[in-house]
Amino acid sequence: MRCREAEGLLAPQISESLDAATQRDLALHLDTCAACRARLQQEYELDRLVVAAVTQEAPATDDLVARIEHAIDGSRRRQPLFFLQRRWPAFAGAAVVVLLVALAVSRFTAANSMHLLCQDAVDDHRTEVVLHEPRHWHTNSSDIADLVRRTVPGTQVPQSVAGLSLQKARICGLLQATALHLVYGNGSQQVSVFFMLQRELPSDSLPSQAAANRLHEETDSGIAVASFAQDGMGVVVVGGPEIAPHVADQLALSL
Amino acid sequence: MQYVCALLRTARRLCGNRESAEDLVQETMLRAWKAFDQYQEQTNCKAWLFTILMNLWNEHHRKPWVRHEAAVQDDFEPDQQAVASNSDDRVFIHEVLACIDRLTEDQRAVLLLSVVEGLALREIAEILQVPIGTVMSRLGRARAALREYLRPSPGALAGARERKLCDAVKPKGY
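Taken in order, these protein sequences are the chains called D and R. The first sequence begins at 1 in our numbering and counts up one residue at a time. The second sequence begins at 256 in our numbering and counts up one residue at a time.
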C-alpha cells in the first residue's frame, strides 16, 4: 500500500470498518511509514478535539428530562382504549374516509390558508397555553423584551392589554411560518398573540383598516380567533370569545 | 432517558440553538415512546433513537421557520453549564464548535454521529438512508474541512491552545 492509498483510510472510524485484508495492508504500511503514522496520530488528535468540544459544551438535561416525562405522561393519558388499538386498521380506514370528506367539505366552504393558519394558532393555544403542554417559554421580562426586540424590531409590544399583562413568550411555527407567540393573562384567563414574522397573512383575508377582523370563531369550545395586519405583519389573537376580540382591537390601535 | 444527553448535544449542533434542540429531542423521545413496539430488541437503541431524531430533523429543517428561528437566536448567550475550567479553554472549545458549525449539514451530521456518538458507519448509513460509501466520503470531507478551518494562522503558534490546534491539523508534509 502506498501513502496516497493509506491517506483516505486513516480516519479511525474508516480504518475500523475496513475488511481484514485491507486492515492488514494498512498495518503493514504504517509499520514502515513514519509519515503516515504521524498522520494517524493527527487523526486521533482531531477526534479528541471534536469530542472534547461537543461533550464539554453539552447543556444540562434535567429540565428537558422533566419536560419529556411530562409530555409522555400527557400522551399516555390520551392513549386510546385497548380495544381501539386492536381494531386500529378499521378505525384508520374510517378516519381516512372522514378526513377526505372533511377535506372536500372544507374546499366548498372556502377554507383558505388563513383558516388553516387560524386553526393552527388555536391548536397551539389549546395545547401550549390551556393544557400547558411543556415548551420552553421566556418568562423573565428582560428575556421577553430581548426576544421581542430581535424578532419584531421597531414594534412597541405593550406590557398589558385589555386588563391582561404580558406573561411569557416563545418562538413557534404556524404552518410553515415563524411566529412570535406572546401570552397575556391574569388570574382567570389567558390570550395568545401570534406575530407572524416571515409570511404575511393571506391578502384576501386581511382588512384594509386597522380594526381587528374576526375571521373565525369557535364558540362551542370557548375559543375565538381575531386577526389584523399592521405594517404588512399579520397578527393573530386567540382566546376566550369575550376577551380575544377586545385584545385584538386594542392591539390594532396601539401597535 | 440515558440517551437524552447524546441526542441533545447532536441536536444542538444541528439546530444551532438550545430551544429548537430541546424541542427536537422532546419530539424524538415522545415519538420513540409511541413507536416503541417497532423497536427491535437486541438492536442498537441509541442508533434507533438517532434514526428518529434525524428523520424529524429532515422533516422539519428545511421549513423556513426553523432556519429563521436559528438565525434569530444565534446570538443567545452560551450555556452557563459549560464546564471548561478556564477562559482559554472556553474560547478554544468555542472555536472548535464554530468550525464544526461551518461544515455542511450532511458533513456535520456524519461527523457527530461517528466521532462523538461512536456509531458504526453502517449504522449511520441506515440512519441517514444513504450508501455507506456516501457516509465515508462525507466523513472524509468533513475531517478535511475541519482541519482546514482549525489550521492556525502563521505567526500565531505560541500558546498551548495553538499547539493543540497545530498537533491536530499539521499540513500534509508533516
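Calculated directly from the structure, the hints in this document are not laboratory data. For each residue, glycine too, the CB sits at the ideal point set by N, CA and C. It cannot be assumed that every hint is accurate.
[Unchecked claim] Listing some non-contacts, in silico: residues in chain D with all C-beta distances to chain R over 12 Å:
hint, residue
1, THR32
2, HIS70
3, GLY93
4, LEU99
5, LEU166
[Stated by the list, open to error] Here chain R is said to cover these stretches of chain D; the calculated rule only asks that three of the stretch's residues, wherever they fall, bring their Cβ under 8 Å from a Cβ of chain R:
hint, segment
6, 9–15
7, 132–143
> Can you list which hints this structure breaks, lowest number first?
Replying inline: 2
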